[in-house]
Amino acid sequence: MENVIEMNHITKIFGNFKANDDITLQVRKGEIHALLGENGAGKSTLMSVLFGLYQPEKGEIKINGKPVKINNPNDANNLGIGMVHQHFKLVHNFTVLESIVLGRETTKNGLLKMDAAREKILELSERYKFKIDPDAYISDITVGMQQRVEILKMLYCDNDILIFDEPTAVLTPQEIDELLKVMKQLVSEGKSIIFISHKLNEIKAVADRCSVLRKGKYIGTVDVATTSKEEMSEMMVGRKVNLSVDKKAMNPGEPVLEVQDLCIKSKHTHKHIVKNVSLQVRAGEIVSIAGIDGNGQSELVYGITGLMPLDGGSVKLKGKDVTNETIRNKCLDGLAHIPEDRQKYGLVLDYTLKENLVLQSYFTPKFQKKGFLKFGDISQYAKYLIEKFDIRCGQGEDSIVRGMSGGNQQKAIIARELDRDPNLIIAVQPVRGLDVGAIEYVHKQLVEQRDQGKGVLLVSFELDEVMTLSDRILVMYEGEIVADVRPEEVTVQELGLYMAGTKRGVISAS
Amino acid sequence: MLAKKKSKGENKAILNFSASVLAIIAGLLFGLLILLFSNPSQAFPGFLMILQGSFTDGAFGIGQMFYVATPIIMTGLSVGFAFKTGLFNIGASGQFTMGAFVAVYIGVKWTWLPDQIHWVVAILGAAIAGALWGFVPGILKAIANVNEVISSIMMNYIGMYLVNILIVKHVYDQVKNQSKPVAPTANLPKAGLDQFLGPNMTIGIFIAILFVVIIYILIDKTVFGYELKACGYNPFASKYAGINSKRNIVLSMVIAGALSGIGGALLYLAGSGKYIQVLDVIAPEGFKGIFVALLGLSNPIGVLFAGLFIAHITVGGYNLQLYSFVPEVIDIIISAIVYFGAFALLFKAIIRKLMTNSKKEGEQI
Chain A
2 MENVIEMNHI TKIFGNFKAN DDITLQVRKG EIHALLGENG AGKSTLMSVL
52 FGLYQPEKGE IKINGKPVKI NNPNDANNLG IGMVHQHFKL VHNFTVLESI
102 VLGRETTKNG LLKMDAAREK ILELSERYKF KIDPDAYISD ITVGMQQRVE
152 ILKMLYCDND ILIFDEPTAV LTPQEIDELL KVMKQLVSEG KSIIFISHKL
202 NEIKAVADRC SVLRKGKYIG TVDVATTSKE EMSEMMVGRK VNLSVDKKAM
252 NPGEPVLEVQ DLCIKSKHTH KHIVKNVSLQ VRAGEIVSIA GIDGNGQSEL
302 VYGITGLMPL DGGSVKLKGK DVTNETIRNK CLDGLAHIPE DRQKYGLVLD
352 YTLKENLVLQ SYFTPKFQKK GFLKFGDISQ YAKYLIEKFD IRCGQGEDSI
402 VRGMSGGNQQ KAIIARELDR DPNLIIAVQP VRGLDVGAIE YVHKQLVEQR
452 DQGKGVLLVS FELDEVMTLS DRILVMYEGE IVADVRPEEV TVQELGLYMA
502 GTKRGVISAS
Chain B
82 MLAKKKSKGE NKAILNFSAS VLAIIAGLLF GLLILLFSNP SQAFPGFLMI
132 LQGSFTDGAF GIGQMFYVAT PIIMTGLSVG FAFKTGLFNI GASGQFTMGA
182 FVAVYIGVKW TWLPDQIHWV VAILGAAIAG ALWGFVPGIL KAIANVNEVI
232 SSIMMNYIGM YLVNILIVKH VYDQVKNQSK PVAPTANLPK AGLDQFLGPN
282 MTIGIFIAIL FVVIIYILID KTVFGYELKA CGYNPFASKY AGINSKRNIV
332 LSMVIAGALS GIGGALLYLA GSGKYIQVLD VIAPEGFKGI FVALLGLSNP
382 IGVLFAGLFI AHITVGGYNL QLYSFVPEVI DIIISAIVYF GAFALLFKAI
432 IRKLMTNSKK EGEQI
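Heads up: the sequence lines are chains A and B, in that order. Going by the numbering used here, the first residue of the first sequence is number 2, and it counts up by one from there. Going by the numbering used here, the first residue of the second sequence is number 82, and it counts up by one from there.
Take the hints with a grain of salt, since some may be wrong.
[To be verified] Listed next, the in silico DSS-like pairs over lysine-lysine satisfying Cα-Cα at most 25 Å (straight line):
no.	chain 1	residue 1	chain 2	residue 2
1	B	Lys-320	A	Lys-375
2	A	Lys-216	A	Lys-19
3	A	Lys-375	B	Lys-302
4	B	Lys-434	A	Lys-370
5	A	Lys-90	A	Lys-230
6	A	Lys-371	B	Lys-271
7	A	Lys-19	B	Lys-327
8	A	Lys-130	A	Lys-109
9	A	Lys-371	B	Lys-434
10	B	Lys-302	A	Lys-266
11	A	Lys-370	B	Lys-302
12	B	Lys-302	A	Lys-317
13	A	Lys-132	A	Lys-182
14	B	Lys-434	A	Lys-268
15	A	Lys-121	A	Lys-70
16	A	Lys-367	B	Lys-434
17	A	Lys-230	A	Lys-218
18	A	Lys-130	A	Lys-19
19	B	Lys-320	A	Lys-319
20	B	Lys-302	A	Lys-367
21	B	Lys-302	A	Lys-384
22	B	Lys-320	A	Lys-59
23	B	Lys-327	A	Lys-345
24	B	Lys-320	A	Lys-272
25	B	Lys-429	A	Lys-371
26	A	Lys-200	A	Lys-216
27	B	Lys-429	A	Lys-266
28	A	Lys-218	A	Lys-90
29	A	Lys-370	B	Lys-429
30	A	Lys-268	B	Lys-327
31	A	Lys-321	B	Lys-302
32	A	Lys-19	B	Lys-434
33	A	Lys-345	B	Lys-320
34	A	Lys-109	A	Lys-121
[As the list claims (entries may be wrong)] Per label pair, the in silico range of CB-to-CB distance:
no.	chain 1	residue 1	chain 2	residue 2	range
35	B	Ile-224	A	Arg-329	18 to 28 Å
36	A	Lys-268	B	Leu-291	38 to 48 Å
37	A	Ser-229	B	Thr-303	24 to 34 Å
38	B	Ser-99	A	Lys-345	26 to 36 Å
39	B	Leu-110	A	Glu-3	38 to 48 Å
Hints in this document: simulated from the structure, not taken from any laboratory. Every value quoted in this text rests on a predicted model; they were computed, and no experiment measured them. A virtual CB, placed ideally from N, CA and C, is assigned to each residue, including glycine.
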């Protein structure tokens, strides 16, 4: 079978860092070729090279057997390469039609002529059962629909080589199933797909072959049908991994967090993004909030922690009403927050590691005396945390946090928040962007905190994470809690229905 | 391990320093071009004059340099300090003018004060006036999120016109259209320094250095400085950490304003025969402060040296007139230096490349 893409011996160096080290990727015509690797393994770099965003230091690219030089995304497009980015590149106040033709508008006498484009888009949408409305605004359609717009964009340009960069991260299980079906239909029509993912289930379900990268190096290409998930994950991580979490039976105590009828208004639209949410987290319990990104989870957490003003409702920590308390006082009352956006909220990136590790405690007598910081004590404490939480950094406690890897930045936040001995830990997407080893570690820490009798409120978009860690699962849809279930009593499919808003459960008071 | 750590930190300091030096060299060369353009035959002697700066006139020149440097170190400190906390204090001019006026007013009118503390009270009054002029943009930003750049530009104009009115009303010298001379007791002590460093030499420069040290300690060693810098680097994370950013914005502008105000006092209490002119011109010392802060990378110690350097070539600029150049050439050079300073990142990248290359070569040998 002929190869549509051959990337031979690609090496891409950034400074002293080899992002791609002699990588070879060969994609056959009409196959779905999965590209598997952890974050930072070099998948995105490799695809950026293919898409013309970076020039490799070494190596050659052949498309349909002919050596080519791809200098920019336009070259890639002309060669029939299209990409659905992980973060969609759409204009929010454009209609679907406008977004798709953007960059290749057909004009007559300088005026837009959209009729032909509209017809072609409707025809494509029909063929793949996309049910898309060409006149809807991007800002009004769901994330799943936006992704279809991105796919239509590639098809509209008659691309034959399609790259999907982590396409399932933002979808519900049902939407994922549909996407995988579309991908299969596309290859059956002779197109070739590169499917970037770290979710083995999906690769198993849809891909023909799978190339694995690890730390910038090419590990190998395997036939998906004859390779087990365990073998693939071992190739990806380089050792055996145990993704199941050992958990003791739950032993819940008094409620540590009680939220009653919480309402939050959006800053921009003044609509309620959190509507009358009530929930409770008890000591020794992990409560997860599942849902698709953008259904009010982030705002709910900002409301509880005090980063966003409330429009009604109350928050109690260990029985004490803290609704109108300052963020500082909530923190002193034992609230720990591992924020969703660690670089925006969790860290002062231009501060050193030790300065960041005392961000919540620099004002205590332990670290200051008469307004002067006790740098000696701060360094000592930082060393202790670095040791205890295994934070790896170039220059110890004096490393500038900006230069640390994402995983170690996250470890720093976790170290700071957990070592304060809080009563309640609110963790939002705590493992986003981390590699498998770090994920194991963070999960272990959260379960440990629970076993020590602390309450954990976990917000996650990853259903696997929700299912393995939680003692109780709440599902949020459009600002409301639509389900309160136990992981043993529910399937991923059922959760998907709740997340999509097609099913509603009975919400008990606690 | 320790040695390695140190060398890394030193590297960074060297990098920052050499980027500034490169900006200065580029700016000076640009100045040479201008000299060549306007009068080719005298260009090189004139250029030498700039480089020699204050040293041309021996010890008196150095005294003059200190005199010129004192106010711009203070405004530079003001801008740099605010910048460290994430605020752009473009209102240093207004704060400077207010400080200058109050110092002069106290110097002229409050002669009932004991001689020994007359000048101290004048400086304190200037600090309070400057602080007030910083407080207004600060509180507007904290309460209503008014951009401090816009409000402090407005405060510059309000300050300038208000001071013009107040001078005419209270301390006016009609003949020369300027403020009246202050009482001798309000002038800064000279502590005998004027004997060998020239008539304009006072203890002003030491007061400025004292504030450099105070601000350095405040920023780098105290809880307050830690909070201020955190707000400057990342306001979101500061909010997350429960830091009261509104209070810090106000305090930071108040301190910045006070520093500029003191700068005004130090200039007009130097007994150099300089008076506040009743003109519709915004005090240039404030804008020079922005240059100084940029060149000194907002670091208090950097500000001190940047202020001295700019004073050095400014004094050189006066001597340029010997070669029939206008001293304003110096302003062009200073602007060019600041302009090239904006390429600091580019310079840093070049230097880093040079450093790694030379290291590689060293390894090969």
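- Task: Would you list, in rising numerical order, the hints stated earlier that this structure does not obey?
- Result: Violated hints: 4, 5, 6, 7, 8, 9, 10, 12, 14, 15, 16, 18, 22, 25, 27, 28, 29, 31, 37, 39; rest satisfied.
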